[in-house]
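J.: For the protein sequence lines, the chains are A and B, in the order given.
Mapping of the first sequence onto the working numbering: residues 206 to 621, in sequence order.
Mapping of the second sequence onto the working numbering: residues 769 to 991, in sequence order.
These are computed hints drawn from the structure, not numbers from a lab.
For glycine and all other residues, C-beta sits at the position ideal for the given N, C-alpha and C.
Possibly wrong hints are sitting among the right ones.
Said to hold, decoys possible - DSBU-like cross-link-like pairs, simulated, lysine-lysine; straight-line CA separation at most 30 Å:
(1) A/K223 - B/K904
(2) B/K783 - B/K851
(3) B/K902 - A/K223
(4) A/K296 - A/K398
(5) A/K223 - B/K783
(6) A/K296 - A/K469
(7) A/K386 - A/K398
(8) A/K324 - A/K398
(9) B/K824 - B/K783
Stated by the list, open to error - What follows is a list of derived Cβ distance ranges for each label pair:
(10) B/T795 - A/I508: 42 to 50 Å
(11) B/G957 - A/A221: 32 to 40 Å
(12) B/K783 - A/V490: 57 to 65 Å
(13) B/Y779 - A/R608: 33 to 41 Å
Claimed, not checked - Just a few of them, taken from the derived set where beta-carbon distance is under 8 Å, the chain A residues facing chain B:
(14) A221
(15) A452
(16) A530
(17) V531
(18) G532
(19) I615
(20) L618
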Amino acid sequence: MKLIESLTIAIRSIFANKLRSSLTMLGMIIGVGAVITLMSVGRGAEASITEVYEELGTNVLSVIPRSPEISGGFALSPVYAPPTLTMADAKALERLRSVDAIIPINENFITATAAGESKGGLLHGSTAEYLQVMNYTIAAGQFITDRNVAGRDMVVVLGSGVASALFDSDDPIGQNIKMKKQRFTVIGVLEAKGGAMFGISFDDIVIVPITTYQARLYPQQTAAGEDAVASISVQMTSIEFTDDVSAEIEDILRRRHRLTGDDKNDFAVVSSEQILEIVGQVTGVFSIFLGAIASISLLVGSIGIMNIMLVSVTERTREIGIRKAVGAKRRDILLQFLLEAATLSFLGGGIGIAGGWLVTFVISQLDIGGFKLAATVSPDIVILAVSVSVFIGLVSGIYPAMRAARLNPIDALRYE
Amino acid sequence: MIELDNITKIYRMGKVEVPALRGITLTIRSGEMVALIGASGSGKSTLMNIIGFLDKPTLGSYRLEGVDISRLNDNQLAELRNKKVGFVFQTFNLLPRASAAANVELPLIYSGGSHKRERTMEALERVGLTARAKHKPTELSGGEQQRVAIARALVNNPSLILADEPTGNLDSTSTSEIIAIFKQLNRDGITVVMVTHEPDLAAKTQRIIRLMDGKIISDEKVN
Numbered sequence: 206m207k208l209i210e211s212l213t214i215a216i217r218s219i220f221a222n223k224l225r226s227s228l229t230m231l232g233m234i235i236g237v238g239a240v241i242t243l244m245s246v247g248r249g250a251e252a253s254i255t256e257v258y259e260e261l262g263t264n265v266l267s268v269i270p271r272s273p274e275i276s277g278g279f280a281l282s283p284v285y286a287p288p289t290l291t292m293a294d295a296k297a298l299e300r301l302r303s304v305d306a307i308i309p310i311n312e313n314f315i316t317a318t319a320a321g322e323s324k325g326g327l328l329h330g331s332t333a334e335y336l337q338v339m340n341y342t343i344a345a346g347q348f349i350t351d352r353n354v355a356g357r358d359m360v361v362v363l364g365s366g367v368a369s370a371l372f373d374s375d376d377p378i379g380q381n382i383k384m385k386k387q388r389f390t391v392i393g394v395l396e397a398k399g400g401a402m403f404g405i406s407f408d409d410i411v412i413v414p415i416t417t418y419q420a421r422l423y424p425q426q427t428a429a430g431e432d433a434v435a436s437i438s439v440q441m442t443s444i445e446f447t448d449d450v451s452a453e454i455e456d457i458l459r460r461r462h463r464l465t466g467d468d469k470n471d472f473a474v475v476s477s478e479q480i481l482e483i484v485g486q487v488t489g490v491f492s493i494f495l496g497a498i499a500s501i502s503l504l505v506g507s508i509g510i511m512n513i514m515l516v517s518v519t520e521r522t523r524e525i526g527i528r529k530a531v532g533a534k535r536r537d538i539l540l541q542f543l544l545e546a547a548t549l550s551f552l553g554g555g556i557g558i559a560g561g562w563l564v565t566f567v568i569s570q571l572d573i574g575g576f577k578l579a580a581t582v583s584p585d586i587v588i589l590a591v592s593v594s595v596f597i598g599l600v601s602g603i604y605p606a607m608r609a610a611r612l613n614p615i616d617a618l619r620y621e
Numbered sequence: 769m770i771e772l773d774n775i776t777k778i779y780r781m782g783k784v785e786v787p788a789l790r791g792i793t794l795t796i797r798s799g800e801m802v803a804l805i806g807a808s809g810s811g812k813s814t815l816m817n818i819i820g821f822l823d824k825p826t827l828g829s830y831r832l833e834g835v836d837i838s839r840l841n842d843n844q845l846a847e848l849r850n851k852k853v854g855f856v857f858q859t860f861n862l863l864p865r866a867s868a869a870a871n872v873e874l875p876l877i878y879s880g881g882s883h884k885r886e887r888t889m890e891a892l893e894r895v896g897l898t899a900r901a902k903h904k905p906t907e908l909s910g911g912e913q914q915r916v917a918i919a920r921a922l923v924n925n926p927s928l929i930l931a932d933e934p935t936g937n938l939d940s941t942s943t944s945e946i947i948a949i950f951k952q953l954n955r956d957g958i959t960v961v962m963v964t965h966e967p968d969l970a971a972k973t974q975r976i977i978r979l980m981d982g983k984i985i986s987d988e989k990v991n
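Chain A on its own, in the form it takes in the complex (with noise of 0.2 Å):
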């Protein structure tokens, strides 16, 4: 028998049996649609995120407050690290040799308004050297100046995103704002960067320089009285010199924070890089996760698909008999069989290409905060989509297929 026959044959009983086989293909569907978009969204967000440290640059080290007394992770999250690092930290860094740079950030969020407009986002307070190691650019007016810093002036330079919510076409410079009951002056606004963290676009951000945030809107002091700043970055000339200028600012902070001997660091100093690889790991966790129930959503449509070839041989046990008495062979049923599995899985695994094709177009449209998540559905998701289920759909047709091949045809026929 010609293999086109068993083809024919083959899609002839799909069709006469639209029920069955639709229920086949629904798992089959599933399943593969679950997998292309979990694993796009899920390598979207690896990729964005990975995209968003790039961008502040490698060459960038922070240095921020960690609990001494805590191990891991959670040693540098802001609940359990007090305050420890100050101004005169910041201060005394700039001392370092392949530096460009040293800012001091104090972070919180906040609500801007202004005309009757208002904005929620990140409030950064930092000094004129923010502009460089954070990586923007200024669009209209100024950044925020040294005698800006020293004067505890209240201006204020608004990200893209948070001078068109307040402002929409008009232009921000030297109007005022209200931030905290508090009257500030727009000095300069933001070239619109893209990008954002944990939901936050890197454009809905207001900048203010740090003595002003000391002063006027979130005060906060180490345990020995002095102003806290939450981190410091430093920039360094060249990547190369990680090691040392980490060691370097290690060694003036312990002296400063008078640590001795066997005392753990009441700091940590963060390089983008390991940031980075945190992330990644963050990430790839993600993605192991989205991964993982994809292929349950697989498995459990790939049962399915088993379930029903093994029910449709027994239901058919006498159209076999009936095929073999009128001289099918082994291999013309076993054929028969597989050839229905496989179609059943390529259509099955086809519609749910595209099902998961679509709804992944769908979501990398969706606007996030600001944020868009840049799935793509990439070939090699889809041939393993594709080949697992097909292979999946030949496995469980195998079984079922050699059962039916090997019935003797007149307990086939006699088979009620």
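Position chain B relative to chain A; hints supplied.
T.: Below, chain B alone, put in the same frame as chain A:
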């Protein structure tokens, strides 16, 4: 020519052995029309299944047209069934979701070869069902379904037609039609072996072989 020598069939039901045929020795010449009769449980259907190698004997030898059947493997048996034998069953055994024509065409699919459509229509014509080619079995009467089954049996020009109670589910009008078709096929040179328990049907054949408890108890020519 069918030559059976000491054919014995024993079924195993768990630990109990149930003999269905006990040493059947029988020769049926080409072109004969034979009725196998006997009470239910006498072994007549088992014998017919063995003649059509749907089932294998426990003991004994079976030669069809000089070929020793026991030496053939499953594939060769399938091919022989396809080319030489046509089956007609009491319950018709048609594929319920396929049209009459598709059912008739079935043996041709497994034998390969060309002119499938023409040969299918020719077989349907021989049983007078050309007009019903596109109908599904559920849209046909019992007699018509059995005629489709006969068309399927003869589409590959077999030399032997085996019919197991072919009229058991049919009314008397359909019964006479089916018997007339069998007689015509026999006149065309096909050997017909028919299992029945109706004496007047058996009387329409040339030879009546009566079985009881797995043995032949009589073998007579019909005048």
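J.: The structure should be examined with respect to each hint, and the outcome stated for every one.
T.: Against the structure, the hints:
Restraint check for A/K223 and B/K904: the C-alpha separation of about 17 Å stays at or below 30 Å, so the hint holds. For the suggested pair B/K783 and B/K851, the alpha carbons sit about 38 Å apart, so the restraint of at most 30 Å is broken. Restraint check: the Cα-Cα separation between B/K902 and A/K223 comes to about 20 Å, which is no more than 30 Å; the hinted pair holds. Annotation: proposed proximity of A/K296 to A/K398 holds, straight-line Cα distance about 29 Å (limit 30 Å).
Proposed proximity of A/K223 and B/K783 is contradicted: the alpha carbons are some 43 Å apart, above 30 Å. Taking the CA atoms of A/K296 and A/K469, the gap is about 22 Å. The hint holds against a cut of 30 Å. The suggested pairing of A/K386 with A/K398 holds, with an alpha-carbon distance near 29 Å, which does not exceed 30 Å. Taking the CA atoms of A/K324 and A/K398, the gap is near 18 Å; set against the 30 Å cutoff, the hint holds.
Between B/K824 and B/K783 the alpha-carbon distance is near 20 Å, which keeps this suggested pair within the 30 Å criterion. In this structure the hint that B/T795 and A/I508 lie 42 to 50 Å apart at CB is violated, the actual value being about 55 Å. Between B/G957 and A/A221, the C-beta spacing of about 36 Å keeps the proposed range 32 to 40 Å intact. Judged by the Cβ atoms, the range 57 to 65 Å given for B/K783 and A/V490 holds: they are separated by roughly 60 Å.
A C-beta distance of roughly 21 Å is found between B/Y779 and A/R608, which places it outside the suggested range of 33 to 41 Å. Against a cut-off of 8 Å between C-beta atoms, the interface hint on A/A221 holds, since the closest Cβ of chain B lies about 4 Å away. Interface hint at A/A452: violated, since its Cβ lies 80 Å from the closest Cβ of chain B, which is beyond the 8 Å cut-off. At a threshold of 8 Å, the smallest CB-CB gap from A/A530 to chain B is about 5 Å, leaving the interface hint in force.
Against a cut-off of 8 Å between C-beta atoms, the interface hint on A/V531 holds, since the closest Cβ of chain B lies about 4 Å away. Proximity of A/G532 to chain B holds as hinted, the smallest CB-CB distance being about 2 Å (cut-off 8 Å). The closest approach between the C-beta of A/I615 and any C-beta of chain B is roughly 4 Å, which is under the 8 Å cut-off, so the hint is satisfied. Using the Cβ-Cβ criterion of 8 Å, the hint placing A/L618 at the interface with chain B is satisfied: the shortest such distance is roughly 7 Å.
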